[in-house]
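Enquirer: Using our numbering, the letters of the sequence shown map in sequence onto residues 1408 to 1853.
Keep in mind the hints are simulated off the structure, nothing from the lab. One thing to keep in mind: the hints can contain errors.
Stated by the list, open to error - Capping the alpha-carbon separation at 20 Å, the derived lysine to any residue pairs in SDA-like fashion look like this:
id : residue 1 : residue 2
1  : Lys1569   : Gly1813
2  : Lys1465   : Thr1439
3  : Lys1561   : Pro1542
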Amino acid sequence: MGDEIISQDMNGGAPCTLSTVASARQPSQLRTLAPYLSIPEVVWLAGGLPPGDVFPFKKVTLTTTDGEEIVVDNPDLLYRLQQYTIEAPGYSPLRSWLKDHTRELHNPPNSKWDVVVTCGNFDATAKVFEALLSPGDVILVEDPSFPQSCSTLKPLAASGVKVVPVTLGSHGHIEAESLRAVAQEVKARYGVGPKLVYVITNGQNPTGTSMPKAVIQEIYDVCRAENMMILEDDPYFYLQLPGSEEAEGAGLDLGHVGSFLSVDTDCRVVRLDSFSKFLAPGLRIGWVTCADPVHSALVYSTQQTTQGASSCSTAVLAMELLRQWGRTGLDRHLRRLQRQYGRKARAAAAAAERHLAGLASWAAPSCGMFMWLTAEGVGDTRDLMPELVEQKVVLVPGSFFYLDEGASSSFRLCFASASEEDLEEGVRRLGNVLRKVSATGGPQHT
């Protein structure tokens, strides 16, 4: 494919090759001077950094929903949060926290991994695709899957990257034998096996399902046998939903939840995590866990594009909050979040039982933000949008989530942002539209 082989040391696994674009990237020359900033009494005449005495903030005070105050008045930290992001891999204290956090939750079996702080998973996904995919390479993608990731692949497909769907199984996730069959079909058709598979492990978007640990291991074994890298996109990992009102949220006790990183003996997993779903999306902070050469490629890409996540977000809104909370505070926050999402998921499923019985099928979600509904007797849910809008209820047509954007009889319902009352009313309105379609034999456009 024209890629340069950067590393052949994957603990006995396959060589890892970077794309032609990533292979051509070099470290920013200006960034190579950054370590000299730490020299005591250095006179810095190199970088184009604004002086700290012109920055507007002298103190930052934030109040959490629990009433705790976070006060930042340390001059060095205030300077850092208003200055350019100097460290492309991310703010060092936050990276240290993330590495400890990753060891606790995933305990990767290889020792070569590191983390890069990103501007969220969308930024990370685009950078990983660029780092690994060259014209002629093949990527396998769950079908259906997250539309934004699929959209990111379209320009790459136009340049010659082959994007191949892997249909989800009856349990709402890809299955090992299906993955193996598609990989072998690709090899027979293109003369080269797939280089990368993109998966959403927990709370899959749009189906809301999660991969059991046994399935994760089976898929990992297929990827070893077929010489594939794995891009594990797992933003919903922390949104494990209690199954009943009496059940407690799991908080940080997530040992029962699987991940590809936790079985990655070969450094073939690139894992994406995000603060967006369990702190706030406006922070625009995520992190990638991976080994070299991908790690270095992401650092170089960051140096030459975003320059890193917001200094203010990483230094104050994330790190200071996490430092003040400690493990106990974060665990408490996650339990509260999981309980709230669990109530809403149960409310959505209960509303579906009341209003959609005989009109649609669905599975109650166990993780994430979404419920996947399949309408009976409807060829393409896009055709229902005018009537749904007329009824003042909006869901996402299933076609948005398929690579070919073809007709789909499904909808994605997001229960996270709606109140329980709105979920009840919205599902009732959906039921009215489906009932009308069932009675008349098709959508009635006016």
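Enquirer: Each hint needs a verdict: does it hold in this structure or not?
Expert: Against the structure, the hints:
1. This hinted pair checks out: lysine 1569 and glycine 1813 have alpha carbons roughly 18 Å apart, not beyond 20 Å.
2. Only pairs whose Cα atoms come within 20 Å are accepted, and lysine 1465 paired with threonine 1439 is rejected, the gap being roughly 30 Å.
3. For a cut-off of 20 Å, the pair hint linking lysine 1561 to proline 1542 stands: about 12 Å separates their Cα positions.
Against the hints set out earlier in the document, a violation occurs for number 2 only.
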